[in-house]
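J.: Protein chains in written order, with the working numbering: chain A, 1069 to 1377; chain B, 1069 to 1377.
Keep in mind that a hint or two might mislead.
Since the list gives no way to pick out one identical chain from another, each pair is judged satisfied if it fits inside one copy or across any two copies.
[Claimed, not checked] Calculated pairs, SDA-like style, for lysine to any residue (alpha carbon to alpha carbon, straight line, at most 25 Å):
#1 Lys-1366 <-> His-1156
#2 Lys-1366 <-> Ala-1260
#3 Lys-1257 <-> Ala-1367
#4 Lys-1234 <-> Lys-1355
#5 Lys-1285 <-> Val-1358
#6 Lys-1274 <-> Gln-1363
#7 Lys-1089 <-> Glu-1276
#8 Lys-1257 <-> Lys-1366
#9 Lys-1366 <-> Ile-1322
#10 Lys-1268 <-> Gln-1363
#11 Lys-1257 <-> Thr-1164
#12 Lys-1274 <-> Gln-1248
#13 Lys-1285 <-> Lys-1355
#14 Lys-1089 <-> Met-1222
#15 Lys-1257 <-> Gly-1088
#16 Lys-1133 <-> Pro-1177
#17 Lys-1147 <-> Ser-1360
#18 Lys-1366 <-> Asp-1286
#19 Lys-1274 <-> Phe-1371
#20 Lys-1257 <-> Gln-1205
#21 Lys-1257 <-> Gln-1364
Keep in mind the hints are simulated off the structure, nothing from the lab.
2 protein chains.
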Amino acid sequence: MNKLLIVGTVAFDAIETPFGKTDKILGGAATYIGLSASFFNIKSAIVSVVGEDFPEAYLDLLRNKNIDISGVEVVKGGKTFFWSGRYHNDLNSRDTLDTQLNVLADFQPKVPADYTDADVVMLGNLHPIVQSSVLDQMTTRPKLVVLDTMNFWMDCALPELLDVMKRVDVITINDEEARQLSGEYSLVKAAAKIHTMGPKYVVIKKGEHGALLFHDKDVFFAPALPLEEVFDPTGAGDTFAGGFSGFIAQSENISFGNMKNAIVYGSNLASFCVEEFGTQRMERLEKHEVLSRLQQFKALTQFDIALQD
Amino acid sequence: MNKLLIVGTVAFDAIETPFGKTDKILGGAATYIGLSASFFNIKSAIVSVVGEDFPEAYLDLLRNKNIDISGVEVVKGGKTFFWSGRYHNDLNSRDTLDTQLNVLADFQPKVPADYTDADVVMLGNLHPIVQSSVLDQMTTRPKLVVLDTMNFWMDCALPELLDVMKRVDVITINDEEARQLSGEYSLVKAAAKIHTMGPKYVVIKKGEHGALLFHDKDVFFAPALPLEEVFDPTGAGDTFAGGFSGFIAQSENISFGNMKNAIVYGSNLASFCVEEFGTQRMERLEKHEVLSRLQQFKALTQFDIALQD
């Protein structure tokens, strides 16, 4: 069975949307990536750090999804990373209300021995030095390395980000971040410029407007599923990344054609994530629901048009 | 050969974008619809009005595309409708700088006798009373009536708009207008509500983010082609509507499956329109370019994914 190594935060989130608010609930990039990737027939492990305040029940939740969490360090006396945010009425933008790094401040990732030869590495949003440190620990070059990052690191750790970008195959970022990183407004031009920074594949996430995959002159687009209601967008991008990397790990095929399928699976899984607060929907998501929604994605996007004179 | 009847403005536009500005150039909804629909193997006619100041060369341009303009009234001593606008840097929004109704203020549309039995009627953006008046003149019920409108009529002539909506099969509006008309933020909910106002098919145009087609529980989505540069978005929505209605008129098939194809053709033609100022690109567009871009749309959206256990 192919192996997917996930690095990223395992954390507490407190979320406000127009539909309600939560106290501290389970969150973090690696959590969402792991839950999403658990739908594939692969072995997966998370490398992360939490404090002593992190509930055993949350760890059990990950274990029960067959995720290896031996690489999740529990810091004695430490407090878990905490993020709190409030979404605006259109759910397309949000304000960060609070960020407490806590144990994340001194995080030194340790890749479990069984995963130093992972087939696919998914570097979730974290300091680029931490992302690089994970790659340093790999004993064989993974078949695919996927990097997720955000504007915060472009502002505060650009040299380190540019370093790790040279070592990855795929980067996933949102449209505004692609513009910031490249200095280009056109996403086509932005992707071309980001290619020159390292990643052969550039995935630009546009939230409710779908996702684009660029590879040289090839482009593929998958829409987000039009939903009656988006309840909470938290974790949608990570869930997308988990679906993408999980599907690639399972199929062990890094052709452009198969990456299209990975983008569709990522969009599919993300469409569930936003239906409820936090990880709730992903926790009880069943495989038959994912397959049924895949049919919806086909109906939504596939057409049969003949060329005409 | 099937007949498409187009009603809408034939006008002067003056446009400012971050890339430059134009003096008075050829514009108007019916102009863009007509140019776009001219790529199909159909007969088409425009019903509109211009002033004596309207250059014969512009009328020749339409004639040379085999568009019947016997229904374009030229008002002696009258001045042609004029619109002037400035696009913001992101090209997603614009300010109207000037609107001079001129001959449009007293426009009484007259459908040419040869087109009172048109197969498809495309009601371009105009006062809903003018749109209704065109339908009143039809001697046989068209196979498909498509209505385009805008927020201006929702603000100033809502009862008349609701009247004409009851008489059409398809409505095309943009996302903000769909929200305004329905009072629903979710586009899925908005489309469902607009269905109840008359149109069995609701097309929501999202500009650079593509277009959605709703019919009962069916949804189809076509992206806009990712372009290196969008030069001038003026007329893109009308070009989309022209491609949609022209394709339906040619194929004479109003199944949902064929409407998907019409949406793709609309998106295809609109992707050319925005490449240059005003109607420039559409004037010299050739059929082989449209067919070649159709292949790009297939590559952009089509995937081949198998269901898995």
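J.: State the violated hints by number, sorted upward, taking the hints as numbered earlier in the document.
T.: Going through the list in order, the structure violates hints 1, 4, 11, 14, 17 and 20 and respects the others.
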